[in-house]
Amino acid sequence: MSTQKITLAKGLNMGLRKAMEADDKVLLMGEDVGKLGGVFRITDGLQKDFGEDRVIDSPLAESGIVGTAVGMALRGYRPVVEIQFDGFVYPAYDQIVCQVAKYTYRSQGKVKMPIVIRIPFGGGIGAVEHHSESPEAQFAHTPGLKVVACSNPVDGYWMIQQAIAHDDPVIFLEPKRQYHADKAELDESATPDPLFSSRVVRAGSDATVLAYGPTVKTALKCAEAAESEGRSLEVIDLRTLSPLDMAPVYESVRRTGRCVVTHEAHVNLGMGAELAARVTEQCFYSLEAPVLRVGAFDTPYPPSRIEEEYLPDLDRVLDAVDRTFAY
Amino acid sequence: MSDPVSFGPDLADVFGPSQTDGGPDLVQLLTPEGERVHHPEFDHDFSADELRGLYRDMVLTRRIDVEATALQRHGELGIWAQLLGQEAAQIGAGRALRPQDYVFPTYREHGVAYCKGVDPLRLLGLFRGVDQGGWDPNENNFGLYTIVIGAQTLHATGYAMGMQRDGVVGTGDPERDAAVIAHFGDGASSQGDVNEAFIFAASYNAPVVFFCQNNQWAISEPIERQTRIPLYQRALGFGFPGIRVDGNDVLATYAVTKAALQRAREGNGPSFVEAYTYRMGAHTTTDDPTRYRLNDELEHWKLKDPIERLKVYLRRNGLVDQEFFDDLDAEAKELGHHLREGCKALPDPKPLDQFGYVFTEMTDEIAQQRDEFAAYLASFEGSHA
Numbered sequence: 001m002s003t004q005k006i007t008l009a010k011g012l013n014m015g016l017r018k019a020m021e022a023d024d025k026v027l028l029m030g031e032d033v034g035k036l037g038g039v040f041r042i043t044d045g046l047q048k049d050f051g052e053d054r055v056i057d058s059p060l061a062e063s064g065i066v067g068t069a070v071g072m073a074l075r076g077y078r079p080v081v082e083i084q085f086d087g088f089v090y091p092a093y094d095q096i097v098c099q100v101a102k103y104t105y106r107s108q109g110k111v112k113m114p115i116v117i118r119i120p121f122g123g124g125i126g127a128v129e130h131h132s133e134s135p136e137a138q139f140a141h142t143p144g145l146k147v148v149a150c151s152n153p154v155d156g157y158w159m160i161q162q163a164i165a166h167d168d169p170v171i172f173l174e175p176k177r178q179y180h181a182d183k184a185e186l187d188e189s190a191t192p193d194p195l196f197s198s199r200v201v202r203a204g205s206d207a208t209v210l211a212y213g214p215t216v217k218t219a220l221k222c223a224e225a226a227e228s229e230g231r232s233l234e235v236i237d238l239r240t241l242s243p244l245d246m247a248p249v250y251e252s253v254r255r256t257g258r259c260v261v262t263h264e265a266h267v268n269l270g271m272g273a274e275l276a277a278r279v280t281e282q283c284f285y286s287l288e289a290p291v292l293r294v295g296a297f298d299t300p301y302p303p304s305r306i307e308e309e310y311l312p313d314l315d316r317v318l319d320a321v322d323r324t325f326a327y
Numbered sequence: 001m002s003d004p005v006s007f008g009p010d011l012a013d014v015f016g017p018s019q020t021d022g023g024p025d026l027v028q029l030l031t032p033e034g035e036r037v038h039h040p041e042f043d044h045d046f047s048a049d050e051l052r053g054l055y056r057d058m059v060l061t062r063r064i065d066v067e068a069t070a071l072q073r074h075g076e077l078g079i080w081a082q083l084l085g086q087e088a089a090q091i092g093a094g095r096a097l098r099p100q101d102y103v104f105p106t107y108r109e110h111g112v113a114y115c116k117g118v119d120p121l122r123l124l125g126l127f128r129g130v131d132q133g134g135w136d137p138n139e140n141n142f143g144l145y146t147i148v149i150g151a152q153t154l155h156a157t158g159y160a161m162g163m164q165r166d167g168v169v170g171t172g173d174p175e176r177d178a179a180v181i182a183h184f185g186d187g188a189s190s191q192g193d194v195n196e197a198f199i200f201a202a203s204y205n206a207p208v209v210f211f212c213q214n215n216q217w218a219i220s221e222p223i224e225r226q227t228r229i230p231l232y233q234r235a236l237g238f239g240f241p242g243i244r245v246d247g248n249d250v251l252a253t254y255a256v257t258k259a260a261l262q263r264a265r266e267g268n269g270p271s272f273v274e275a276y277t278y279r280m281g282a283h284t285t286t287d288d289p290t291r292y293r294l295n296d297e298l299e300h301w302k303l304k305d306p307i308e309r310l311k312v313y314l315r316r317n318g319l320v321d322q323e324f325f326d327d328l329d330a331e332a333k334e335l336g337h338h339l340r341e342g343c344k345a346l347p348d349p350k351p352l353d354q355f356g357y358v359f360t361e362m363t364d365e366i367a368q369q370r371d372e373f374a375a376y377l378a379s380f381e382g383s384h385a
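Chain order of the listed sequences is U and W. Reminder that position 226 of the first sequence reads as 226 in the UniProt record's numbering, one-by-one numbering, no gaps. Reminder that position 283 of the second sequence reads as 283 in the UniProt record's numbering, one-by-one numbering, no gaps.
Chain U with its partners taken away, still in its complex shape (with noise of 0.2 Å):
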């Protein structure tokens, strides 16, 4: 069995190399993705080696990437497509949800959307307005669209070929602060959970706490800062933002009767406020506590010196399991 370590990055570039390999209607497009390989490097090589037909560097035209994309869906094609930053996914939204989310209720399933939009998303790097959004919400809340999010770099490499064989639209939510940060071991020969599951990344018995991308390395964190104090967590790494698989979660929360959710999304309307609500219905005799939200508050993304203090962290993501056990 023959493993190496990669970063997201790279598991996210071998994930595509596969897939491009597996399926010849696989195409890449966006902003250059072609020769720079992508501002972050994620398509790097893949021109050189699948060509300029199928590795597409894109005039600079949110909506004209995913309005052209659907066409070639139309044409029988698999588009990749990549938005450059999170916050420059607007121009593209109308395609998005009235286009890409709809055409195969439109068709009465005459017409399917196989189209992946990779989105690099959140903060942590100290990027200038715009670089560090998280809009998973707003996708999560379109019918028609499946939202999910990796946040380590062997679910990158399965979670993006998974999305590229599925037949429906995917939006796909890379934590860009990941990237190039922490490496891990790749056995390529694994089976990979299914891309539309929840997974339970740390047994625990005191508090369950739900997160994704970014904020599952800040979870996984609290929950060793907790242990050392005498508190076991549990953190569920939720993947899949729409559909979501709550399952292990009611499982995990009828347990624990404590449930704090993290994300770097505002908190008003954000994913919390779903889970939140779906927690509690499901789980009410099991609750010792209210589910907490621990996000970004209301307010736009700040200027990068201060992101810090804006993003949730290992404290307030603590201070909220602590809040739970004062009920």
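Just so you know, the hints here were simulated from the structure itself, not pulled from any lab data. Careful, some of the hints might be misleading.
[As the list claims (entries may be wrong)] Only pairs whose alpha carbons sit at most 16 Å apart, straight line, appear in this in silico EDC-like list of lysine to aspartate or glutamate:
(1) W:Lys-344 - W:Asp-131
(2) U:Lys-217 - U:Asp-315
(3) W:Lys-311 - W:Asp-321
(4) U:Lys-217 - U:Asp-313
(5) U:Lys-102 - U:Asp-167
(6) W:Lys-258 - W:Glu-50
(7) U:Lys-110 - W:Asp-136
(8) U:Lys-25 - W:Asp-166
(9) U:Lys-25 - U:Asp-167
(10) U:Lys-110 - W:Asp-131
(11) W:Lys-311 - W:Asp-329
(12) U:Lys-102 - W:Glu-361
(13) U:Lys-112 - U:Asp-168
(14) U:Lys-112 - W:Asp-136
(15) U:Lys-102 - W:Asp-131
(16) U:Lys-217 - U:Asp-182
(17) U:Lys-221 - U:Asp-313
(18) U:Lys-35 - U:Asp-57
(19) U:Lys-110 - W:Glu-361
(20) W:Lys-258 - W:Asp-43
(21) U:Lys-5 - U:Asp-187
(22) U:Lys-221 - U:Asp-315
(23) W:Lys-258 - W:Glu-175
(24) U:Lys-25 - U:Glu-52
(25) U:Lys-110 - W:Glu-139
(26) U:Lys-35 - U:Asp-49
(27) W:Lys-302 - W:Asp-21
(28) U:Lys-110 - U:Asp-168
(29) U:Lys-112 - W:Glu-361
(30) U:Lys-112 - W:Glu-139
[Unchecked claim] Label pairs and their in silico Cβ distance ranges:
(31) W:Gly-356 - U:Gln-282: 21 to 31 Å
(32) U:Thr-299 - W:Thr-227: 39 to 49 Å
(33) W:Asp-288 - U:Arg-323: 53 to 63 Å
Backbone N, C-alpha and C define an ideal beta-carbon position, used for all residues, glycine too.
Dock chain W against the given chain U, drawing on the hints supplied.
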């Protein structure tokens, strides 16, 4: 005081005064009076059969429109987007297509749908509210109606890029080479998506014809609100040719669109056709044009009617007899009957149908919502859910 810096020529010198009759570049093969004229670049030797066919197509298309409008007035349709006056633009464009070409329509391309072999009855479903497009786009290479203005021009461009990758462009085999036509209107020309489509198509030399029916009105807004230069001249700025054709002249529209499609199929890239026409009816059946335009204008355009001018030509040249008109009249009546009876028989969707086809396979979440709603409906006595 010094003179102001010259920033290029005055636009009025370049484009001339406002042109209500299409201007000197208008390609025309049949005048409003039914006079056959010739054009040095765009022409076609129409056989008598072709001419009669085009006439028949326009008459039947108008019949579809008139019947659907009446069905709306009778409460059988929620709304209808009329094409009255635009028959020549649509039939000329529609008949220039080959079976392998693909159409991306707006919501008004009833005549093009008819040319592509879509049963006109299928068009009524979305206006009646029983579906959102009842035909299979891949059966006739006729896409679903797109209601967001201009969005389909990007789909057309992407589809054309797919054709390039499939090797069905510029092979020299007329049975194989294919192109896409993107329909839109003068209002849509202001949309970002349309302008992005122009840029993508030009950048990749995509085999797409941008076919704009400039019917002079975007609901209540006249063409002057969308553009200060003739629309077809915008194409040059994007890097491909633009032609203005008399959109009420089916012969010219056919000839120009045929050339544009051929150019695309041969791998010579996109082009822009501005079919200069007029929306004789309302924007839709919910609109009231008397609030924003003068009757004089309508009367002026009535004299340019696309069907009348071909009728005059056919008669004057002895290409038709009374039997032709009688047969066509009977055919139109039959079509009207088909639409009236068929429309009323279109089945309403069932309450639980709304849960289907959100995805290629129903998710557990949606299945649960469906089941709960089904149980809720079933809780009422005599429920037929």
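Problem - Structure versus earlier hints, numbers of those that do not hold, lowest first - result: Hints that this structure does not satisfy do not exist here, as all of them hold.
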